[in-house]
Structures are given as C-alpha cells and as structure tokens.
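J.: For the sequence shown, numbering that gives the first Met the number 0 gives the first residue as 0, with consecutive numbering after it.
Careful: at least some of the hints might be erroneous.
[Claimed, not checked] Quick list of in silico lysine-lysine cross-link-like pairs, BS3-like style, CA-CA up to 30 Å:
(1) K63 to K87
(2) K32 to K72
(3) K64 to K32
(4) K7 to K63
(5) K39 to K54
(6) K36 to K58
(7) K8 to K36
(8) K84 to K7
(9) K87 to K58
(10) K4 to K64
(11) K36 to K84
(12) K84 to K33
(13) K54 to K32
(14) K87 to K32
(15) K36 to K87
(16) K4 to K58
(17) K4 to K63
(18) K39 to K4
(19) K63 to K32
(20) K4 to K84
(21) K8 to K84
(22) K72 to K36
(23) K33 to K54
(24) K32 to K7
(25) K8 to K87
(26) K4 to K72
(27) K7 to K72
Please keep in mind that the hints were generated in silico from the structure rather than gathered at the bench.
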Amino acid sequence: MASVKNLKKDINYVLSDIIEECYLWQMLQEDEKKAGKAEKIIDEAIATFDTLIEKIHAKDIENKKAHFSAISKELQEKANGLLGKIQKL
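Use the sequences and the hints to build the structure in full.
T.: And the structure:
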C-alpha cells in the first residue's frame, strides 16, 4: 500500500462511483417504486464510507500495515457486494 492518503482517495472514488451509478439507474426508471430501490444501496454506500474512514482514523493500532491492508480488502469486498446489488436491480 502506497499511503493512507491514497487509500482515502480510493475509498472516496470507489464509493462515489457506486452512488453515481445508483443515481443514473434511478434517472432511467419510469416507475418511482423501482427508483426507490437504489436508495438503500446509496445509504449502504454512505454507511460503508463512514465506517472505513472511521477505521482509518483509529489511533490504537499496533500493526499499521496490516490494519490498512485489511481496510483496503474490506473496501474491495464491500464495493463488489454493492455492485452486485446494483446489477440485481
């Protein structure tokens, strides 16, 4: 991992792209009930962002490299899960 700064950027870019994809999907829907389904995914993406940033700012870390690697792995898993949910819409 290169730096914490890059990890923060990755979190921001990945999750904002997922949210943007949800908004685009909502705009293409004629039925408002279907469009509301994407709101849950958006809320989950925002909650994931908050959780990951909170983990980055944790102070009591013994092994920083392992901690940040775990955050990066969690970002990948959560992003893949959210993208899977978007595909199911």
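J.: Would you mind marking each hint as holding or not holding in the structure?
T.: A quick look at each hint next to the structure:
A C-alpha spacing of about 36 Å is found between K63 and K87, which places the hinted pair above 30 Å, so the restraint is violated. A distance of roughly 34 Å separates the Cα atoms of K32 and K72; the hinted pair therefore is violated under the 30 Å criterion. For the suggested pair K64 and K32, the alpha carbons sit about 44 Å apart, so the restraint of at most 30 Å is broken. Between K7 and K63 the alpha-carbon distance is near 15 Å, which keeps this suggested pair within the 30 Å criterion.
With a C-alpha separation of about 23 Å, the suggested pairing of K39 with K54 holds against the 30 Å cut-off. Restraint check for K36 and K58: the C-alpha separation of about 37 Å exceeds 30 Å, so the hint is violated. Taking the CA atoms of K8 and K36, the gap is about 27 Å. The hint holds against a cut of 30 Å. Simply put, K84 and K7 have alpha-carbon atoms about 23 Å apart, close enough for the 30 Å limit, and the pair holds.
Simply put, K87 and K58 have alpha-carbon atoms about 38 Å apart, too far for the 30 Å limit, and the pair is violated. Pair hint K4 plus K64 holds up; C-alpha atoms about 14 Å apart against a cutoff of 30 Å. A threshold of 30 Å between alpha carbons decides the hint, and for K36 with K84 the separation of about 10 Å falls inside it, so the pair holds. A hinted pair counts as satisfied when its Cα atoms are at most 30 Å apart, and K84 with K33 qualifies at roughly 13 Å.
A C-alpha spacing of about 35 Å is found between K54 and K32, which places the hinted pair above 30 Å, so the restraint is violated. The hinted pair formed by K87 and K32 meets the criterion: a straight-line CA distance of about 15 Å does not exceed 30 Å. Restraint check for K36 and K87: the C-alpha separation of about 10 Å stays at or below 30 Å, so the hint holds. Between K4 and K58 the alpha-carbon distance is near 16 Å, which keeps this suggested pair within the 30 Å criterion.
Straight-line distance between C-alpha atoms of K4 and K63 comes to about 14 Å, which keeps the hinted pair within the 30 Å bound. Taking the CA atoms of K39 and K4, the gap is near 28 Å; set against the 30 Å cutoff, the hint holds. Taken as a hint, the K63 and K32 pair is broken in the structure, with Cα atoms around 45 Å apart against an allowance of 30 Å. Only pairs whose Cα atoms come within 30 Å are accepted, and K4 paired with K84 is accepted, the gap being roughly 28 Å.
Between K8 and K84, the direct Cα distance comes to roughly 23 Å. Compliance with the 30 Å bound is thereby established for this hinted pair. Our distance criterion of 30 Å between C-alpha atoms is met by K72 and K36, whose separation comes to about 27 Å. Of the pairs offered as hints, the one joining K33 and K54 is violated, with about 33 Å between alpha carbons and a cut-off of 30 Å exceeded. Taking the CA atoms of K32 and K7, the gap is about 34 Å. The hint is violated against a cut of 30 Å.
Using a Cα cut-off of 30 Å, the hinted pair K8 and K87 holds, with the two alpha carbons roughly 27 Å apart. A distance of roughly 16 Å separates the Cα atoms of K4 and K72; the hinted pair therefore holds under the 30 Å criterion. A hinted pair counts as satisfied when its Cα atoms are at most 30 Å apart, and K7 with K72 qualifies at roughly 13 Å.
Hint compliance for this structure: hints 1, 2, 3, 6, 9, 13, 19, 23, 24 are not met, and every other hint is.
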